[in-house]
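Starting from the structure of chain A, add chains B, C and D with the ligands where the hints point.
Residue numbers (UniProt numbering), protein chains in the order written: chain A, 1 to 357; chain B, 1 to 357; chain C, 1 to 351; chain D, 1 to 351.
Just so you know, the hints here were simulated from the structure itself, not pulled from any lab data.
Where hints are given, some of them may not hold.
[To be verified] Here's a subset of chain C near chain A, in silico, CB distances under 7 Å, partners left out:
| hint | residue |
| --- | --- |
| 1 | D75 |
| 2 | L83 |
| 3 | D84 |
| 4 | R149 |
| 5 | Y320 |
| 6 | F327 |
| 7 | L329 |
All values reported here derive from a predicted model rather than from experimental measurement.
Where is the CB? At the ideal position from N, CA and C, for every residue including glycine.
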Amino acid sequence: MTVAATFEIEYLQYLGPDGKPSADLPAAFADPATLLPLFKEMLFVRTFDTKSIALQRTGKLGTYASCLGHEATHIGIGASMQPEDVFAPSYREYGAQFMRGVHPREVLMYWGGDERGNDFEVPRHDFSWSVPISTQCLHAAGAALAFKLRREPRLAVACCGDGGSSKTDFYAALNSAGAYTLPLVLCVINNGWAISVPRSAQTGAKTLAQKGIAGGLHCLQVDGNDLVAVMEGMRRATERARNGDGGTVIEFLTYRLHDHTTADDARRYRSEEEVKEAWKRDPIPRLRAFLAASKLWDEKKEKAWAEECGKRVDAEINAYLESKVQPVEAMFDYLYADPPADLLAQRAAAIALEKRT
Amino acid sequence: MTVAATFEIEYLQYLGPDGKPSADLPAAFADPATLLPLFKEMLFVRTFDTKSIALQRTGKLGTYASCLGHEATHIGIGASMQPEDVFAPSYREYGAQFMRGVHPREVLMYWGGDERGNDFEVPRHDFSWSVPISTQCLHAAGAALAFKLRREPRLAVACCGDGGSSKTDFYAALNSAGAYTLPLVLCVINNGWAISVPRSAQTGAKTLAQKGIAGGLHCLQVDGNDLVAVMEGMRRATERARNGDGGTVIEFLTYRLHDHTTADDARRYRSEEEVKEAWKRDPIPRLRAFLAASKLWDEKKEKAWAEECGKRVDAEINAYLESKVQPVEAMFDYLYADPPADLLAQRAAAIALEKRT
Amino acid sequence: MSAAKAAPAKKASGKATEAATPAKTDTPITLIEAITQALAWEMRNDDSVVVLGEDVGVNGGVFRATAGLQQRFGDERVLDTPLDETTIAGLTVGMAAQGMKPVAEAQFDGFMYPMVDHIVCHAVRLRTRTRGRLHCPMVLRVPWGGGIRAPEHHSEANEAIFTNVPGLRVVMPSSPARAYGLLLAAIRDPDPVIYFEPKRIYRQYKELVPDDGEALPLDVCYVLRDGDDITLVTWGAQVKETLEAADRLADEGISAEVIDVATLRPLDFDTIAESVARTGRCVIVHEAPKTAGFGAEIAARLAEESMYDLLAPVERVTGYDTHIPLFRLEMKYLPSVDRVVAAAKRAMAAG
Amino acid sequence: MSAAKAAPAKKASGKATEAATPAKTDTPITLIEAITQALAWEMRNDDSVVVLGEDVGVNGGVFRATAGLQQRFGDERVLDTPLDETTIAGLTVGMAAQGMKPVAEAQFDGFMYPMVDHIVCHAVRLRTRTRGRLHCPMVLRVPWGGGIRAPEHHSEANEAIFTNVPGLRVVMPSSPARAYGLLLAAIRDPDPVIYFEPKRIYRQYKELVPDDGEALPLDVCYVLRDGDDITLVTWGAQVKETLEAADRLADEGISAEVIDVATLRPLDFDTIAESVARTGRCVIVHEAPKTAGFGAEIAARLAEESMYDLLAPVERVTGYDTHIPLFRLEMKYLPSVDRVVAAAKRAMAAG
Ligand SMILES: Cc1ncc(C[n+]2csc(CCOP(=O)(O)OP(=O)(O)O)c2C)c(N)n1
Ligand SMILES: Cc1ncc(C[n+]2csc(CCOP(=O)(O)OP(=O)(O)O)c2C)c(N)n1
Ligand SMILES: [Mg+2]
Ligand SMILES: [Mg+2]
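Isolated chain A, as found in the complex (with noise of 0.2 Å):
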């Protein structure tokens, strides 16, 4: 038999559910301590995330699409990055968006109902939200090569999820990674569903990983559970990319603790067990675990961090909810550069529809 080609899907996890190392710890974590100001950003955002839903539940957001759970993978992906680089998020990566510099006021204003919140303050070259699953993978692939084609030393990282990875444009993505030799991080994570569609229905792969194969891509799966695995996964395709060595699929094993989104109801399609046993590969007790072991983390800390970040949440929160509604005119104002004198009347006309009401 002539073989033309083999390949092999790399796992990488480092700790394990209760917390305990499962393999040696990568060089940059020798220190746990390195990890301290991310588990205290994981638990941010877990704060933010709570706070988010209930400002839904009681009719002060739109639909908000919740974030329990993926804390280590969103994080860890977020702290790889350098500021120069170019995030593109699907719609819940807050974690990775907050170690950019993305404000929580901001996230609130576009659940919210008001294209500010994509106006982020920091990072100013970012992607926005796309609720158009996946295509945003391209436009990260057309940022990393806008960046080869200036030789600026950056890379552009998409998310997307397990449904996602079925989207024609992340294989396009990929495709095009591969075919340029892009410096492209796509992110796959893996929560088990896509809104009532489990991972298992999505595609006949073993692996999300191992689409990357289908572009010549390097790829990696990680406990994306794990935030040492992810930092350690992260670290490998940014490198790479870095290196001129082109693009990694990488895929986070991580499950969606919540419905999908505060307009869905999960418990028509998934089962209490299922969710009973995600809740014991949680990502936070497993670093807590780790970081009190190391003796770094106590519950007295832990009280007074859940105090800031409560306070830091409902400021963010305040400046959310006093923030005014953009004028009538807002909608037409940021159309074109240069706008045309046929929509400048319909500008008019609102404004003037608007005083009269």
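Coordinates of chains B, C and D with the ligands only, in the frame set by chain A:
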């Protein structure tokens, strides 16, 4: 290191470029005489192709896409299907279509600018040519899904090129074939070029066969200029499909010996040496040598058969040339089963205009 | 071709009516329930009908349009698809070409753009391309339009992308009864149909919709309200505002006729022309942006064929030529009753 | 906004004109050569301009529009893409959002449908979505229309898919000079532009087109011929037949004004309205199917804003509401000089 998955892509070749066996022939070809009718079809297709190009050069045909050099792949694919299966060609797999009953005159009608070329007398259920690259791969997947849902023992076979394997529709087809375990064979006919773009610029993947891994399909690479390898590859793929074992991506390694179409000039973008080298792998001399060595073929037979092919093709060409242009109302008559009133009014006006001019 | 009044005589069609369960005519239902009812009717009576889309299975669709169908007909009749609209469109065309009648769902209007290629290049051409050898009896259901405080890309009025496409039918019901009858007709039609569902009025009101398997014609406009002074033409969710505007106008002594276009392609222009011949004035109301929206076609037909009937310039009351804003501002984008009334009064004052 | 005459005063724009090589004003060039010339000018003067598409590199494009550009500017400025239109569109949006000015090519009109999603959902929204933080200075070049005896899907007039899309500009030149000036303007415009190229007249005639880097405005219609009796409005390849029709009408004593719309979105309706105010009659000519083609928008504007000027019903001479047939019949599909003349005479006889 933990390994999540491993893969291997097999390559098949039985007859080397010189026509000598490079491996033990599959059992089905223990008697080389089984290859004889297929070889004759390959010669027929080449005659058809040569005459069609000539026809275009003399202004009697529109743009024509040659199949020069693809004969083993095309005939082998067509020969591996059952009449009740469904074939979804792209635009140059005439050999496969002839094996299924499509008349050469129908091919000519199509490239001659007449829709009746798609109204195959046989097979009624096959898809027609698909100019939009690889879109028919998804239609074939839809057909395969219909067969599966209706529990019909049929399968669908779709072809695309090396360029076509970059198309998102191709990826969507393999993704759904994996998700639904469909009886689908995706034939990637890698002839080295997509018009002027070489295979190397399409993707970073080492083989095109490995794209199937992305969907969890079976993958196989075969020498597409070796009819025996084509037949054996197709046998494995169709058997798996019939056994409910799902889809396969087969890559056929061949070469486009002609320009992309008669509208193209390949000298602009590829070297003469490359083409000269490729002629050494021409599938026809290879099989001729094998059959001659098996005492099944000689110059006399070749001459008689060439004459027969010439006559048959000329008859088809005449049938095409003698066909009357459709009346103007033909452009209205097949749009809807139940045409709207406005359209009928336009039809009447067009007929009236025709009578006047 | 002639107008069908609000409760038109129904064409008898559809097969296997003997298999019908007794119609529950005693419980009024919403527009979306009427869609579910039509799907269930046709699935029961025609084995070749299959439903496919994202989350249409156990979840019953994000709007619940397919609620209960998988439980009832099994997962070989109601298929969740991988998350890719190109896939949905392509599989649908392939299945339809091989004798099935797929009813595909695009989860939201804003996600249907990747389907354009398979619709425009293949679905609407199979028949003409093969001189009738193959055809494509598919329906694409698309929840359509704004006003439900949804996230970005969930509120689009994009029918104008399809109204110039030969070989297609484009349908948009605006009442439970029309939703039922037009969906049955769409599924039974042997050619491709895009069936837009005005999601803002999915649950606006209930009415009795006998589950009798009776389809409605796919080529008529519906006169929802008779009037003599002015003709208001609209479709989809804007039927609500337009009828309210007619009420307001009536209060002021202006008698407005209200026409629900219902099927945009092919357009039953005769019904509109007949009305305008009587009223001499016409206001076209739609949610999509004004420029080159489908209202333009109706105004163009008036300029071609009803010019001598027009007593006043045609008016269009539409979405602005911008994207519908996120929901804090979206109601200021959508044509309001006020804007319709103002336009009608301008038309009454003119000429 | 006012009409620009056939050879309008050009807006000075574009940067780095000092880098210009002396313009070869002595050799007349075709429309497609003018496109190449504009691409070369802008690539030379703006490093952020890159050309991408299938076969645009060493092959110079299947129509030769990018001939010589890769040889001249290198393969980091002129990129062959993998064979996927979704890829081309998505990469283009991503590059544009990050500060490049990509000029993408769709190889033929019939292959651009997979690009609709990235154009409609992203290219035209980046600016408004982010309140101006990001924007999308891209151009999509699309060889357009029928009449060249090409295979299926190579002959489509599909501009109506885009004319209802907010945030987009849709341009279609019909002469070498306008091809040059409008393409420069399209590339320099900071928002997305679809630039349709009427392939039937790519090589119809030559004219002198100074290579001076002067762009034309992106919001004016061009009056190609003055006339008093009737206004003929058209765009793209149909400019040829329409001008011929005007000649024929002149022979019969009818003075026809001919307007080339040139930029469909935004529409310079003022130029059309001014003309119709003088002539009182209007025939709109286009290749696309009639129903809901862009001609409808022009007729609608006339019905809204020029009704009192109209002496006769508006006429549309268009492709039929079918797909353009394969080439044995295609010339019977395209609007002919005869059909334009007949419509103009009907309009002259009316009212
Ligand atoms: C193109 C497109 N189709 C459909 C949807 C509706 N939709 C929103 S989220 C979602 C599921 C996404 O699943 P996955 O990619 O796994 O991401 P997750 O939400 O689990 O993070 C769907 C179908 C969409 N937003 N975009
Ligand atoms: C969607 C689409 N884009 C572009 C084209 C134009 N085109 C026709 S053939 C071709 C190259 C196809 O190459 P490949 O898939 O390798 O098949 P081959 O012609 O080599 O058999 C291209 C770009 C097309 N037909 N369809
Ligand atoms: Mg998911
Ligand atoms: Mg090829």
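Results of checking the hints against the structure:
1. Taking 7 Å as the C-beta contact cut-off toward chain A, the hint placing D75 of chain C at the interface is violated, the least distance being around 10 Å.
2. The criterion of a C-beta within 7 Å of any C-beta in chain A is met by L83 of chain C, whose closest approach is roughly 4 Å, and the hint holds.
3. A hinted interface residue such as D84 of chain C counts as satisfied when its beta carbon comes closer than 7 Å to some beta carbon of chain A; here the least separation is about 5 Å, so the hint holds.
4. Evaluation of the R149 of chain C hint against chain A yields a held restraint, the C-beta minimum of about 6 Å falling below 7 Å.
5. For Y320 of chain C, the shortest C-beta to C-beta distance to chain A is roughly 5 Å, which falls under 7 Å, so the interface hint holds.
6. The closest approach between the C-beta of F327 of chain C and any C-beta of chain A is roughly 4 Å, which is under the 7 Å cut-off, so the hint is satisfied.
7. Annotation: L329 of chain C was flagged as interfacial toward chain A, and the flag holds, the nearest CB pair being 6 Å apart, inside 7 Å.
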